[in-house]
Amino acid sequence: MVAECVENKKVLIKGNFAIAQAAINAGCECYFGYPITPQSEIGEFMSGKMQELGRAYVSAESELAAINMVLGACSTGVKAMSSSSSCAVALMQEALSYATADELPVVLVSVMRGGPGLGNIYPSQGDYFQSTKGGGNGDYKLIVLAPSTVQECADLTYKAFYLAQKYKNPTVLLADGLLGQMMEPVEFKPYPYPEIDNSSWALTGAKGRDGRIIRSYAPLADNQCEFLEKLYEKYRKIEENETEWEEIGTEDADIVLVSFGSTSRNVKTAAKLCRQKGLKVGVFRPITLFPFPNKRLNELADRVKKFITVEVNMGQMVNDVKLAVNGKAPVELIHKGVGAPPSPEDIMSQIEELI
Amino acid sequence: MEKDFIIAGFGGQGVLLAGEVLANGFMLDDKKVTWYPSYGAEMRGGTVNCTVVMSEDEVSAVQKSQADYIIVLNQASFDKYEFWVRKGGAIIVNSSLAAISRKREDINYVFAPITQMAHDKLGNIKMSNILALGILAKISGVINLSTLENALNNVIPAHRKNLIPKNVEALKLGYEYDLLKV
Chain A
1 MVAECVENKK VLIKGNFAIA QAAINAGCEC YFGYPITPQS EIGEFMSGKM QELGRAYVSA
61 ESELAAINMV LGACSTGVKA MSSSSSCAVA LMQEALSYAT ADELPVVLVS VMRGGPGLGN
121 IYPSQGDYFQ STKGGGNGDY KLIVLAPSTV QECADLTYKA FYLAQKYKNP TVLLADGLLG
181 QMMEPVEFKP YPYPEIDNSS WALTGAKGRD GRIIRSYAPL ADNQCEFLEK LYEKYRKIEE
241 NETEWEEIGT EDADIVLVSF GSTSRNVKTA AKLCRQKGLK VGVFRPITLF PFPNKRLNEL
301 ADRVKKFITV EVNMGQMVND VKLAVNGKAP VELIHKGVGA PPSPEDIMSQ IEELI
Chain B
1 MEKDFIIAGF GGQGVLLAGE VLANGFMLDD KKVTWYPSYG AEMRGGTVNC TVVMSEDEVS
61 AVQKSQADYI IVLNQASFDK YEFWVRKGGA IIVNSSLAAI SRKREDINYV FAPITQMAHD
121 KLGNIKMSNI LALGILAKIS GVINLSTLEN ALNNVIPAHR KNLIPKNVEA LKLGYEYDLL
181 KV
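Chain order of the listed sequences is A and B.
Its first residue numbered 1, the first sequence is counted upward by one per residue in my numbering.
Its first residue numbered 1, the second sequence is counted upward by one per residue in my numbering.
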């Protein structure tokens with residue numbers, strides 16, 4: 001059941017519905033998708049709402065088709081998205097590589113479940129690598145946003161559309177089965193970002209102007225070098241301007257717990273429990289996974305004695321934390337393979353073992 | 001302060017809906033709240049449960065292995081969740097579908113023939129879930145009846161609003177149930 005979503009009124013809804021409603025508020029004109037647990041509610045919601053609004057909804061024949069439809073729609077300058085999960089996002093990797101090369105503002109919602117392979121439908125953070133390192137070919141980056149509450153599912157969906165448009169780069173909202181399936185109060189504000197003018201590149205028909213081609217093929221070696229330098233200049237700009245994170249109690253912390261997404265909810269409570277025992281523990285939560293808050297973590301490493309990442313996977317973000325800290329402090333890992341995150345008490349007792 | 005609630009029973013007994021009504025009630029009381037379902041390869045007649053967490057601050061873990069108040073609508077859920085009740089907490093047992101027994105001394109037991117009451121007094125066993133919420137409101141004191149009525153209004157969709165009076169009746173029936181009667 002979906003509560004009626006009215007601006008500036010609190011409603012209790014699932015993360016999946018919050019994402020879908022936010023996409024509609026953000027002006028998403030086209031949704032292309034193929035169902036998969038634990039994110040099928042997004043397509044379910046879109047199938048009704050998009051048609052009511054006279055926008056496009058296509059239940060594609062496969063994930064491969066869905067993501068390529070998004071590329072096609074984006075090339076005409078409209079806001080378009082798809083949503084999927086883990087093993088099905090795997091099928092979209094080629095198109096995401098193309099979309100970075102074509103510089104298309106694709107928005108993809110990835111609601112993680114257990115892997116590898118078909119895995120299972122329970123929550124997981126096992127696609128940190130998939131979204132931040134990519135499974136497509138070539139040098140490319142996706143902008144990756146990681147919500148930890150249902151409110152953030154909505155707010156960061158807005159942001160995903162904005163950043164995708166602003167930088168003409170595919171952007172992933174990386175949620176998980178827990179966020180997708182849980183309900184929490186959320187308040188929808190109007191889309192807060194400016195609209196980006198895309199008239200200089202969108203394929204809108206060549207009436208009265210020269211034709212345009214969007215492609216990722218550069219037959220001459222020099223062209224491609226030049227393009228890659230330009231692309232990475234853009235990524236540096238994104239790192240400079242868009243890196244986002246949350247810090248709690250890091251001012252005097254000896255130990256900093258690093259976690260993203262739904263896991264950080266439990267981690268925050270674990271840190272509180274540690275404080276009650278007299279341990280100086282802080283929390284660092286990257287909100288953008290690319291751009292990753294390397295610089296800030298490196299600064300913190302000047303005085304923090306130990307970093308511990310907490311993840312629901314076999315240890316993925318821990319590698320990026322190690323790179324950021326660059327040997328200044330030890331980086332440990334607390335993890336669980338798949339499922340709901342470890343309880344705060346469990347995290348605390350593992351912290352005590354590590355110190 | 002955080003309070004945890006689990007509602008469990010057969011698929012089809014309205015366990016998830018009851019949780020949604022409760023969670024909406026907490027939202028209306030301006031509390032922080034989460035609702036998390038057991039989701040999996042579930043089927044009608046299988047077991048199902050949901051966890052509702054109410055807190056003054058942002059809710060941390062949304063899935064729990066212990067709760068302050070647990071409602072069990074069938075025997076299988078009673079067998080499992082009797083041991084999940086936090087010390088000093090309470091379990092509300094649907095004695096129409098679960099045998100009365102007490103394996104612990106550190107928790108409170110409330111036995112009520114919920115399905116039977118819904119059948120005899122409301123004429124519809126589908127109201128069992130909401131009736132159970134009435135009992136919960138009474139024994140926990142964490143939410144009042146009028147808030148739950150408003151919550152029902154939030155949850156029941158427009159084309160089913162005609163069902164609200166009957167559900168309010170169910171809430172009251174649960175609330176007024178004589179807790180000492182076993």
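One or more hints might be untrue.
[As the list claims (entries may be wrong)] Straight-line distance between alpha carbons at most 20 Å, and here's what the computed DMTMM-like set of lysine to aspartate or glutamate pairs gives:
{"no.": "1", "chain 1": "A", "residue 1": "Lys9", "chain 2": "B", "residue 2": "Glu2"}
{"no.": "2", "chain 1": "B", "residue 1": "Lys87", "chain 2": "A", "residue 2": "Glu345"}
{"no.": "3", "chain 1": "A", "residue 1": "Lys10", "chain 2": "B", "residue 2": "Asp120"}
{"no.": "4", "chain 1": "A", "residue 1": "Lys9", "chain 2": "B", "residue 2": "Glu149"}
{"no.": "5", "chain 1": "A", "residue 1": "Lys9", "chain 2": "B", "residue 2": "Glu58"}
{"no.": "6", "chain 1": "A", "residue 1": "Lys10", "chain 2": "B", "residue 2": "Glu105"}
{"no.": "7", "chain 1": "A", "residue 1": "Lys237", "chain 2": "A", "residue 2": "Asp254"}
{"no.": "8", "chain 1": "A", "residue 1": "Lys272", "chain 2": "B", "residue 2": "Glu149"}
{"no.": "9", "chain 1": "A", "residue 1": "Lys10", "chain 2": "B", "residue 2": "Glu56"}
{"no.": "10", "chain 1": "B", "residue 1": "Lys3", "chain 2": "A", "residue 2": "Glu353"}
{"no.": "11", "chain 1": "B", "residue 1": "Lys32", "chain 2": "A", "residue 2": "Glu187"}
{"no.": "12", "chain 1": "A", "residue 1": "Lys272", "chain 2": "B", "residue 2": "Asp57"}
{"no.": "13", "chain 1": "A", "residue 1": "Lys189", "chain 2": "A", "residue 2": "Glu345"}
{"no.": "14", "chain 1": "A", "residue 1": "Lys322", "chain 2": "A", "residue 2": "Glu226"}
{"no.": "15", "chain 1": "A", "residue 1": "Lys322", "chain 2": "A", "residue 2": "Asp346"}
{"no.": "16", "chain 1": "A", "residue 1": "Lys272", "chain 2": "B", "residue 2": "Glu56"}
{"no.": "17", "chain 1": "A", "residue 1": "Lys189", "chain 2": "B", "residue 2": "Glu2"}
{"no.": "18", "chain 1": "A", "residue 1": "Lys277", "chain 2": "A", "residue 2": "Glu353"}
{"no.": "19", "chain 1": "A", "residue 1": "Lys9", "chain 2": "B", "residue 2": "Asp106"}
{"no.": "20", "chain 1": "A", "residue 1": "Lys10", "chain 2": "B", "residue 2": "Asp178"}
{"no.": "21", "chain 1": "B", "residue 1": "Lys64", "chain 2": "A", "residue 2": "Glu345"}
{"no.": "22", "chain 1": "B", "residue 1": "Lys3", "chain 2": "A", "residue 2": "Glu226"}
{"no.": "23", "chain 1": "B", "residue 1": "Lys3", "chain 2": "B", "residue 2": "Glu56"}
{"no.": "24", "chain 1": "A", "residue 1": "Lys10", "chain 2": "B", "residue 2": "Glu169"}
{"no.": "25", "chain 1": "A", "residue 1": "Lys272", "chain 2": "B", "residue 2": "Glu2"}
{"no.": "26", "chain 1": "A", "residue 1": "Lys10", "chain 2": "B", "residue 2": "Glu149"}
{"no.": "27", "chain 1": "B", "residue 1": "Lys64", "chain 2": "A", "residue 2": "Asp346"}
The hints are simulated quantities; they were obtained by calculation from the structure and are not laboratory data.
Consistency of the hints with the structure:
| no. | hint | verdict |
| --- | --- | --- |
| 1 | A:Lys9 - B:Glu2 | violated (24 Å) |
| 2 | B:Lys87 - A:Glu345 | holds (17 Å) |
| 3 | A:Lys10 - B:Asp120 | violated (37 Å) |
| 4 | A:Lys9 - B:Glu149 | holds (19 Å) |
| 5 | A:Lys9 - B:Glu58 | holds (18 Å) |
| 6 | A:Lys10 - B:Glu105 | violated (41 Å) |
| 7 | A:Lys237 - A:Asp254 | violated (32 Å) |
| 8 | A:Lys272 - B:Glu149 | violated (36 Å) |
| 9 | A:Lys10 - B:Glu56 | holds (16 Å) |
| 10 | B:Lys3 - A:Glu353 | violated (29 Å) |
| 11 | B:Lys32 - A:Glu187 | holds (13 Å) |
| 12 | A:Lys272 - B:Asp57 | holds (12 Å) |
| 13 | A:Lys189 - A:Glu345 | violated (35 Å) |
| 14 | A:Lys322 - A:Glu226 | violated (31 Å) |
| 15 | A:Lys322 - A:Asp346 | violated (23 Å) |
| 16 | A:Lys272 - B:Glu56 | holds (15 Å) |
| 17 | A:Lys189 - B:Glu2 | violated (28 Å) |
| 18 | A:Lys277 - A:Glu353 | holds (14 Å) |
| 19 | A:Lys9 - B:Asp106 | violated (42 Å) |
| 20 | A:Lys10 - B:Asp178 | violated (36 Å) |
| 21 | B:Lys64 - A:Glu345 | holds (11 Å) |
| 22 | B:Lys3 - A:Glu226 | violated (59 Å) |
| 23 | B:Lys3 - B:Glu56 | holds (10 Å) |
| 24 | A:Lys10 - B:Glu169 | violated (27 Å) |
| 25 | A:Lys272 - B:Glu2 | holds (14 Å) |
| 26 | A:Lys10 - B:Glu149 | holds (17 Å) |
| 27 | B:Lys64 - A:Asp346 | holds (12 Å) |
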